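Line by line, the protein sequences give chains A, B, C, D, E and F. Going left to right, the first sequence walks through residues 43 to 208 as this note's numbering numbers them. Going left to right, the second sequence walks through residues 43 to 208 as this note's numbering numbers them. Going left to right, the third sequence walks through residues 43 to 208 as this note's numbering numbers them. Going left to right, the fourth sequence walks through residues 43 to 208 as this note's numbering numbers them. Going left to right, the fifth sequence walks through residues 43 to 208 as this note's numbering numbers them. Going left to right, the sixth sequence walks through residues 43 to 208 as this note's numbering numbers them.
Incorrect hints may appear among the rest.
The list treats identical chains as interchangeable, and a pair is accepted whether it falls inside one copy or across any two copies.
[Stated by the list, open to error] SDA-like, lysine to any residue: derived pairs with alpha carbons at most 25 Å apart:
(1) Lys174 / Arg68
(2) Lys148 / Arg45
(3) Lys83 / Ser171
(4) Lys198 / Leu176
(5) Lys83 / Ser152
(6) Lys148 / Glu91
(7) Lys148 / His109
(8) Lys148 / Leu176
(9) Lys174 / Asp151
(10) Lys148 / Met159
(11) Lys174 / Leu44
(12) Lys198 / Trp103
(13) Lys198 / Met159
(14) Lys174 / Asp136
(15) Lys148 / Ser171
(16) Lys174 / Ala194
(17) Lys83 / Trp103
(18) Lys83 / Arg169
(19) Lys148 / Ala97
(20) Lys148 / Ala78
(21) Lys83 / Asp162
It is worth saying that the hints were derived from the structure and are not from the lab. Note that this is a predicted model, so its numbers are computed, not measured.
Number of protein chains: 6
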Amino acid sequence: MLRAIMPGSFDPPTNGHLNLIERATRLFSRLYVVVAHNSQKSYTFSAEERLEMMADLTAPWPNVEVHLWERMIVEFAQQVDAPVMIRGVRALSDFSYEFELSMLNKGLDSAIETIFMPTDARYFVLRSSAIKELVRLGGDVSTMVPSLVERALRNKIRPAAEVDKG
Amino acid sequence: MLRAIMPGSFDPPTNGHLNLIERATRLFSRLYVVVAHNSQKSYTFSAEERLEMMADLTAPWPNVEVHLWERMIVEFAQQVDAPVMIRGVRALSDFSYEFELSMLNKGLDSAIETIFMPTDARYFVLRSSAIKELVRLGGDVSTMVPSLVERALRNKIRPAAEVDKG
Amino acid sequence: MLRAIMPGSFDPPTNGHLNLIERATRLFSRLYVVVAHNSQKSYTFSAEERLEMMADLTAPWPNVEVHLWERMIVEFAQQVDAPVMIRGVRALSDFSYEFELSMLNKGLDSAIETIFMPTDARYFVLRSSAIKELVRLGGDVSTMVPSLVERALRNKIRPAAEVDKG
Amino acid sequence: MLRAIMPGSFDPPTNGHLNLIERATRLFSRLYVVVAHNSQKSYTFSAEERLEMMADLTAPWPNVEVHLWERMIVEFAQQVDAPVMIRGVRALSDFSYEFELSMLNKGLDSAIETIFMPTDARYFVLRSSAIKELVRLGGDVSTMVPSLVERALRNKIRPAAEVDKG
Amino acid sequence: MLRAIMPGSFDPPTNGHLNLIERATRLFSRLYVVVAHNSQKSYTFSAEERLEMMADLTAPWPNVEVHLWERMIVEFAQQVDAPVMIRGVRALSDFSYEFELSMLNKGLDSAIETIFMPTDARYFVLRSSAIKELVRLGGDVSTMVPSLVERALRNKIRPAAEVDKG
Amino acid sequence: MLRAIMPGSFDPPTNGHLNLIERATRLFSRLYVVVAHNSQKSYTFSAEERLEMMADLTAPWPNVEVHLWERMIVEFAQQVDAPVMIRGVRALSDFSYEFELSMLNKGLDSAIETIFMPTDARYFVLRSSAIKELVRLGGDVSTMVPSLVERALRNKIRPAAEVDKG
């Protein structure tokens with residue numbers, strides 16, 4: 043079977059990410075989950091925290107390796123000799139953005155194929171940003187993220203105070 | 043008739059918002075206009091200013107109440123026992139975002155129905171952000187916002203100086 | 043509460059339609075389900091068959107009436123004095139088409155408001171045309187349509203023969 | 043490596059299809075190109091003609107097999123034990139339709155994964171229907187289809203006569 | 043100033059078409075309105091009827107010429123030496139289709155530039171097909187088409203009979 | 043021929059911008075390239091740097107003038123008496139945003155027509171932001187921007203250090 047990489051910022055990992063990883067482990071001989079870090083951007087969790095959470099969560103799958111990476115994703119694919127890059131696409135997401143990114147990467151290394159895997163309908167609304175907003179507002183996210191991520195979120199994000207001045 | 047809520051940041055209220063509110067007052071027995079405030083975000087007008095402007099502008103409709111709210115919108119709907127949440131959708135807006143938000147809220151309380159009301163064609167381009175940019179550039183926004191909002195905008199936003207170095 | 047109409051060709055009714063109807067019955071005092079018939083178009087089921095199936099399926103809800111209609115939908119709304127027209131919108135459907143239709147109807151009678159209700163995620167793929175294709179190919183549609191519709195489909199559509207000439 | 047299927051009507055095969063097949067042959071141990079035939083639809087080329095053209099064009103790749111199939115595509119995947127179904131997606135195509143189809147197939151057999159491969163930018167405009175229209179109008183399609191397909195098109199489709207009554 | 047062509051099937055011409063033509067006459071020295079006819083397709087009005095209606099309606103503009111054309115549109119542009127092809131685009135229309143068509147035409151003659159002109163908001167819903175459906179249903183289309191077109195439509199299309207079997 | 047303006051932030055100019063300018067110089071008698079500057083926004087290159095780069099790059103075309111402008115674009119068009127505003131649109135870009143902007147400008151001065159010119163397929167992925175990200179990551183952008191822009195980018199943006207802690 044093939045080697046594949048799955049890049050993302052995973053800030054934090056969600057049940058949607060893990061569903062995609064689980065499905066990909068059945069198709070590829072080795073799956074490199076790449077925690078992409080851009081020093082220009084701000085994250086809720088540090089690069090090391092994201093790496094560690096993802097490593098813990100993917101421990102059950104023997105053919106998954108988790109790496110932290112700060113350079114171009116195609117360079118990672120070249121380094122581990124993986125000809126496939128997997129991107130999850132949601133029915134409601136901006137497909138144009140993903141298509142454009144795939145063309146950009148194709149221009150950087152035409153030997154690496156981007157493939158899109160459709161997100162499972164149960165996870166259509168699991169954007170990491172929405173989950174963090176829910177935690178801030180005191181909402182229940184237990185069906186959206188693994189429990190270790192839920193605990194980490196509750197430690198990072200303090201809920202907003204209650205206000206009604208109507 | 044039904045009770046309904048209409049949430050938004052209303053920074054500031056526009057003629058598009060008021061058109062939607064006016065149409066909704068004819069369908070629902072009581073309409074709660076909810077000025078949503080997120081302490082993590084920055085606004086042009088403070089929560090109190092937005093509340094006050096909206097209260098003044100909706101004074102003509104006896105079945106409208108305006109509230110300020112900093113928590114999850116579904117909690118407001120539960121508190122006032124309103125089973126309907128109204129969202130205006132513009133032909134040119136990101137419908138996917140609204141759909142996703144409605145699914146997220148459905149997950150939080152399945153008894154609350156989001157309904158989308160199409161924006162009137164006259165108000166297709168009235169994004170609050172574009173109106174503020176126009177005021178900054180000295181443009182005429184008198185057909186886009188009520189006059190009390192126009193005055194408030196002119197007080198808040200100082201026009202850019204004139205420059206042509208071509 | 044309000045009176046509302048829900049038009050469609052319902053060729054045949056699906057579980058998605060019934061989910062929408064069930065949710066609407068809780069919001070409106072009376073819901074008119076309008077089986078729209080256009081003599082220029084061809085259908086799998088006759089107007090009378092569609093009317094009868096829909097009447098049977100909506101019998102559990104006392105505030106639902108089913109009607110057959112061949113003229114402009116706004117005329118039906120006027121006749122029963124219903125100021126709201128409900129359209130289900132799927133995340134994956136052509137929202138532009140629905141928006142355009144709502145503007146057209148607004149032009150015909152500005153007093154009638156179109157509201158869009160988002161389809162439940164479980165029913166995202168239930169286009170009537172896809173269901174009929176599945177029946178033709180011998181697929182299982184028991185989770186997609188009520189059993190009386192499934193039986194009617196099996197009577198109408200003869201499965202394709204098995205062929206493999208590869 | 044993995045076995046995969048690539049279904050389509052291929053009426054006729056284009057350079058875009060062949061580019062996709064060529065890229066897929068490098069990722070999968072065996073690629074089943076499935077010429078889907080629906081007896082309810084009309085085609086420019088018969089099922090046998092499409093099968094034969096595709097078999098000729100894919101002869102250079104030893105790991106490609108071409109089959110004709112009239113039933114549900116998931117049944118073919120089950121029969122040849124291929125867990126992956128490949129769909130080419132064009133930047134300009136209706137991604138929603140493809141997403142919906144993938145969800146429908148997932149519902150029929152959750153073990154079969156649909157993956158989307160982005161079409162190469164050179165082939166963005168190669169819809170089979172546009173190519174046939176060009177042939178009818180006497181246009182040059184030599185960069186769009188293999189020469190055997192071009193000859194077959196010229197035999198099938200008679201060009202329109204020249205008219206200018208302006 | 044430039045010469046430009048504006049192709050369409052104009053089955054029939056609408057107020058939206060005429061608004062676009064009027065705006066284009068101010069930008070271009072000569073505007074060729076091209077009534078495209080495809081002998082494979084069926085139309086409500088014959089090629090000659092569409093040509094005649096368009097000629098009558100554009101008579102007020104001295105720099106407009108109307109032509110009937112059955113071949114590739116780029117050939118017409120070449121024949122009259124017009125480097126610009128105008129396409130009206132509606133906010134609610136399928137922009138992808140127009141983009142694809144422009145790429146196809148660019149491939150046929152790279153010297154001819156397609157430019158898109160946005161449709162005026164008043165005419166967003168004026169698809170010719172919707173107008174014909176309205177006429178069939180006895181609706182008022184007097185704000186959508188010129189009066190000569192309205193008369194022609196009433197002669198062509200017989201209204202549906204009134205039916206209510208609910 | 044006509045006078046036209048082409049506004050943009052050009053931070054920095056790309057090969058996609060220059061391709062569009064080159065094509066527009068053949069259609070219009072005079073083309074005003076307008077470097078738009080908004081003092082509220084942050085740019086990689088200063089207004090003067092962007093103006094100077096654009097002036098250098100368009101020097102080969104005698105009918106191009108480059109200007110810096112901080113006010114409403116319609117005011118520039120009025121000042122130079124240009125009735126046409128050109129916007130490049132990419133197949134993958136947010137067409138809705140461009141349509142909305144054109145409607146907003148139409149509201150400010152109905153005599154100025156926005157026309158959209160489709161971006162050449164070779165330049166579909168050339169967003170200025172993606173190019174800057176590539177430079178930061180040490181990628182090759184020599185096919186995406188003119189060499190003077192590439193040098194300027196390498197001076198402005200320091201590449202990220204190499205990190206792999208997987």
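Go through the numbered hints given earlier and state which of them the structure violates, listing their numbers in rising order. 1, 5, 6, 11, 12, 13, 17, 19 and 21
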